[in-house]
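A.B. asks: Residue numbers (the working numbering), protein chains in the order written: chain A, 51 to 777; chain B, 51 to 777.
One or more of the hints may lead you astray.
Same chains, same label: a pair holds when it works inside one copy or across any pair of copies.
[As the list claims (entries may be wrong)] Think about it this way: if two alpha-carbon atoms lie no more than 25 Å apart in a straight line, the pair counts; the simulated SDA-like pairs of lysine to any residue are:
id, residue 1, residue 2
1, Lys699, Val611
2, Lys699, Arg339
3, Lys114, Gln256
4, Lys603, Gly613
5, Lys733, Ser685
6, Lys733, Pro746
FYI, nobody ran anything at the bench for these hints, they're computed from the structure.
Protein chains: 2
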Amino acid sequence: MRAAFLAASFALVAMPQAARADDHTSTASASADALPPLYAAELQLAKTFVDGMMADGVVVPQPKDPGGGYTHEQHKRNFRAIYLGGQLFQVTGEQRYRDYVRDMLLEYADLYPTLGDHPAKANQNVGRLFWQVLNDAMWLVHAVQGYGDIRDTLSDAERQRIDDDVFRPAVKFMSVDSEHTFNRIHNHATWATAGVGMTGYLLDDQDMVDIALLGSDKSGETGFLRQTELLFSPDGYYTEGPYYQRFALLPFMVFADAIERNEPERKIFEHRDGILLKALRTTVQQSYRGYFFPFNDAIRDKSLRTAELYDGVAIAYAQTRDPSLLSVADFQARTVLSKNGLMVASDLAAGKAEGFPFRSMLLSDGPDGSQGAVAVLRQGAGNAQGEPSSALIAKNTAQGMGHGHFDKLAWQFYDNGNEIVRDYGAARFLNIEAKAGGRYLPENTTWAKSSIAHNTLVVDERSHFDGEVEAASAVWPEQLYFSDQAGLQVSSAEISTAYDRVTIRRTLLMPDIPGLEAPLVLDLVRANSPDSHQYDLPLHYSGHIMEFDFAAKTNVAERPVLGEDSGYQHIWVDAVADEQDGKGALTWILDGRFYTYRFASDGPLGVILGESGANDPEFNLRREPLILLRADRQSGGTSFASLLEAHGKYDGAAEQTVSSRSRVADLSHDQIGKNDIVRLTLKSGQRFAIAVSHDPNPEQAHSVSLDGEEITWMGFTAVVALTGGEN
Amino acid sequence: MRAAFLAASFALVAMPQAARADDHTSTASASADALPPLYAAELQLAKTFVDGMMADGVVVPQPKDPGGGYTHEQHKRNFRAIYLGGQLFQVTGEQRYRDYVRDMLLEYADLYPTLGDHPAKANQNVGRLFWQVLNDAMWLVHAVQGYGDIRDTLSDAERQRIDDDVFRPAVKFMSVDSEHTFNRIHNHATWATAGVGMTGYLLDDQDMVDIALLGSDKSGETGFLRQTELLFSPDGYYTEGPYYQRFALLPFMVFADAIERNEPERKIFEHRDGILLKALRTTVQQSYRGYFFPFNDAIRDKSLRTAELYDGVAIAYAQTRDPSLLSVADFQARTVLSKNGLMVASDLAAGKAEGFPFRSMLLSDGPDGSQGAVAVLRQGAGNAQGEPSSALIAKNTAQGMGHGHFDKLAWQFYDNGNEIVRDYGAARFLNIEAKAGGRYLPENTTWAKSSIAHNTLVVDERSHFDGEVEAASAVWPEQLYFSDQAGLQVSSAEISTAYDRVTIRRTLLMPDIPGLEAPLVLDLVRANSPDSHQYDLPLHYSGHIMEFDFAAKTNVAERPVLGEDSGYQHIWVDAVADEQDGKGALTWILDGRFYTYRFASDGPLGVILGESGANDPEFNLRREPLILLRADRQSGGTSFASLLEAHGKYDGAAEQTVSSRSRVADLSHDQIGKNDIVRLTLKSGQRFAIAVSHDPNPEQAHSVSLDGEEITWMGFTAVVALTGGEN
């Protein structure tokens, strides 16, 4: 009985034409009980949404509002309803879904030819149904799929009207009127070419397909295929970063799936060594507890649970049967109503899922992988999904186009489920009308993109490349070294172009040190310059201050602002300290865990405790703490060595507190030749050196003498136990 | 087979003596598989903890450190180990647990007689093992239970030593040396009398039992029985508030359980109409999503998942078999290793749990219920546990002794899983040494207890009763009205003693209004005074500002402090506005939901947007936003009417935003005679009046004429639809 229902439901999906001729409501409803739970739930969600839309009738308003406004949201709802309505008709065979999609598209056939530029136009990339062409492209990508699900059942006259008054003019708008967008190497163009190409397959119009794949001039210099070559690195990293990678992935995967179905001989999923499937996995790798690393312009609440990835996971699973993709679908708790989605849901229900292999990895940037990289270092026991407890991200990428931030060599750090060392992401409240119509806020430029808003070195209170995208896009850091060796992971990178005549090298290590808890992060920043400079090293952390060991002058009754420009105008100064010995430590608590940031520089340090949110009359910024180390140095440059030490536990429910104070008594840093030697003295009296030669040859022995102690090690770096005595 | 194991495990618990004679390790281990899951897990937790302690050997350090310090935490661990070790011996019969508890107590027998006042003494209530006598009492309550589990198995010499050198001197310290604490009507005394009384039962010392039950002089004026009469109201509300109610409940329940076992003829659980069982349920009622309402001194991360309640729930379940207590245990995911705990775990596994009946209720304060009240209004669809989505708490209680805050008629509000209108709780980092040794911080007095830190009316920038506990403890508000009628719940209360010659009445309503989403809160505050005053009405909300409709002067580059004293010194001023019409609205977002606070006063209003955290050199305070309405009025007083409107949804994952803007166009407030009339005009054009007669008689008709409209209703309050026209 159950087997029969399952077979019937597969048949419904696989053979919609056959199912469609009769009213299959009762069969479909009965079979729904036998569908795998994820698919059955998805079907129910779609029905709830589309039935709700149908109850309101067909509503196709004259375009008027910007993002988040009524007409914007209604046209978004409409394309979802067309897309899902078509699928529901395919799955259930219910005529009413077909009729609704048809009637909706006929309304658009009345409206579309009358449209000019959208009245909420904000820049040159204006749309017709929406304020920007991107949203029109998204409309097209979804609507053409829904149309494809019903087109064969329409009368010739209906089909002709919708073809000629909706999809052909939409394609013309995308590819001719918006040619500039269409021929970019950019995610907006991916959406546009996907929409046009999929329309071409549906209308059997080879010209549309050709321009979609090869660009308006069919030269292959632009177009979808070229985008797959230029927008991803060989490691599947998308140049704008994970937030836009997720977003771009939908048209890449959905159009590729259409290409595979219509022209399997193109072997699109094998193109460039399987770049699209690699890109999908790389997207997942760039997440922690399901949330994407928020560097560059990014909305922080974007997770793997995002509509753009449901299709991608299902398509990739259909291509690969990789069981770890099932665990992604399981985390998403969503899929799609396609045959692919049914396969995902069935195999998930059959218990075939395996944990996704989150791991340390170096993701090169640039079409040929030579434009810097993102280093991801993961450590610690896995959670229920097998994901390690800590993750360090070193952002040594190229600029990433207009959505890139000025944050060369910046880092981020996650532990215990939380973002401990933060990236602000974008200053934007997506689709919230009261906040600049839901678009990027002015503070995205004045704060979120600025260097000081990131965990990177800032010279003379100016952003990297002085905040100029063009200059920033021409160059990139060099990833000098990467090691995922357990117990001593490393990323080291350098850039000499962010500032004139300043070379910055940052080496981040995650060492295991006996007597200290994990995770530990050692951060070595070295700036070389022949000139005098002010060097600022901010750390944007999450948590509440427990204690600090420097004598701070606190601004308790009137809070000044740190600077005038380049993001400094957005920082309130809570306290300042002057550390002549260049050393200090700050301890905070987050979510029951303590973190101590302990630092040493090569001369006197100013220490500033601050908070974001100054010069923000509209309350657009989040207010988040930071500590800033400031070194004023004559020629030669400076160095900062710091240790982030996770320790202890506060359990409010059990009223138990353990190890709320750092276990480290002292940290000192020396540079001897090319070697960095960081010596730690624990409160227990144990002493260790973390020695870094910066020499990648693992066979090379290194030795330095320091305060009468000989420290020897092999290769790039090592943790060396020192004797307790001072010699 | 399974039934046999279950029976065996019950026997182990019920007949420890019999089981103890042999080595039951293998039987116990086999039977553990058959134990109900919650009990088996508890057993494993206890073994893990005690085995870990045993691996370290017996460690009984000389008392030295304050809360959170090493010796403090070690003596806490020790009393847990004694308590659990005794239980493990009873359950498993393993000799090693008995030996460990014995050896530990013998160590204490060496140490205890040598002790004088603890060196970290902070006030007159100094302990011996701990910095305060309270912790010594907690040690005794736990240790005597563990001792009871092994005492019969000791040699006479061992028993004599432990009796004479640990428990008798501990009882003397509690009841004689600390007589002041022992004879208070206070939770510290509950712990002390419980420890002494339970020791009395164990040592068969009737004198100890008598002084525990009736006070040092055995008059019954103080002691445990009197505490059950004076510390709880007839509704089971504990006068210090839920945080201390939870804390006090453990000794109340555990000692009562001992009384019931030793002197069942006392019918202690029926005493005063079953007050102890009522108090347990009332404790649970004072929580939202498991977290206690944090008013008065309270650590905000205290939830039902707290050691103090595991015993209480098990004891109450054993007395009542109330299936809703099983769902509390299920939420806690913990129980105790007693026979009561086994019953809870078994019945839970048998599926007997029912949802806890969270509901709107009025909890009177004071021994006879006449000292004000806490009103809890709940509304909305229940979550999986059946708990409604919204809760409003009107705090119209007496002072609640030294841990009480100066917050007469304050309120709090929860919705969508979050605390939308906040109570700060205590300024304290429990047991974190770096923060004043884990004790209450200076800011607990200067900020957390102050009136301005609460959602209450503040007159002339002074706290209620000028912050004097004695004056505040002599009087209380009057609860004028309470209604839990669905769709129009009400709490109304008044106090005339918080300030000289000022009477404050606050009426909080949760009306359903067609065209608006739920929940809605209407807040009517009326102050009457013959004198000129400045009236400040703060709202401490949670969320990020989306927009406001008043022209604010923002302090974007230098942030001043609001005032000098009474908590005002801790408020940063972000923006100020001057609203001549006395009206305005502020919208914020929290966790995907929008909230608009819309207000109207009877004259010009100053509006201040601020944040806590000024004058806080040690970073002891959380930084949280507030809006403050300021009315300077000549004689007569003032009124504030405000509507808190929850609306819309922001779904970052789906990039969908709905109704991010308020649906209300205007709110106006009129007082006509004794009636308050609030008129709302929605953006849809719909108009409603919420009419409040303040007359509790439901049969009484009321009518007012306003701008040519006749508004009529029955009883205390009603929502009246008005016509669209303006007349």
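A.B. asks: Look at each hint and say if it fits the structure.
C.D. replies: Consistency of the hints with the structure:
When the C-alpha separation of Lys699 and Val611 is checked against a cutoff of 25 Å, the pair qualifies neither within a copy, at 34 Å, nor between copies, at 35 Å. In the homo-oligomer, the alpha carbons of Lys699 and Arg339 lie at most 25 Å apart both inside one protomer (21 Å) and across protomers (23 Å), since each shortest distance falls under that limit. In this assembly of identical chains, Lys114 and Gln256 lie within 25 Å of each other by CA distance neither inside one copy nor across copies; the values are 34 Å within and 85 Å between. In this homomeric assembly, Lys603 and Gly613 come within 25 Å of each other (Cα to Cα) both inside a single copy, at 18 Å, and across copies, at 21 Å.
For the identical chains of this complex, Lys733 and Ser685 are neighbours neither inside a copy (36 Å) nor across copies (65 Å), given an alpha-carbon limit of 25 Å. In this homomeric assembly, Lys733 and Pro746 never come within 25 Å of each other (Cα to Cα): the closest approach is 33 Å inside a single copy and 68 Å across copies.
Checked against the numbered hints above, the structure violates hints 1, 3, 5, 6; every other hint is satisfied.
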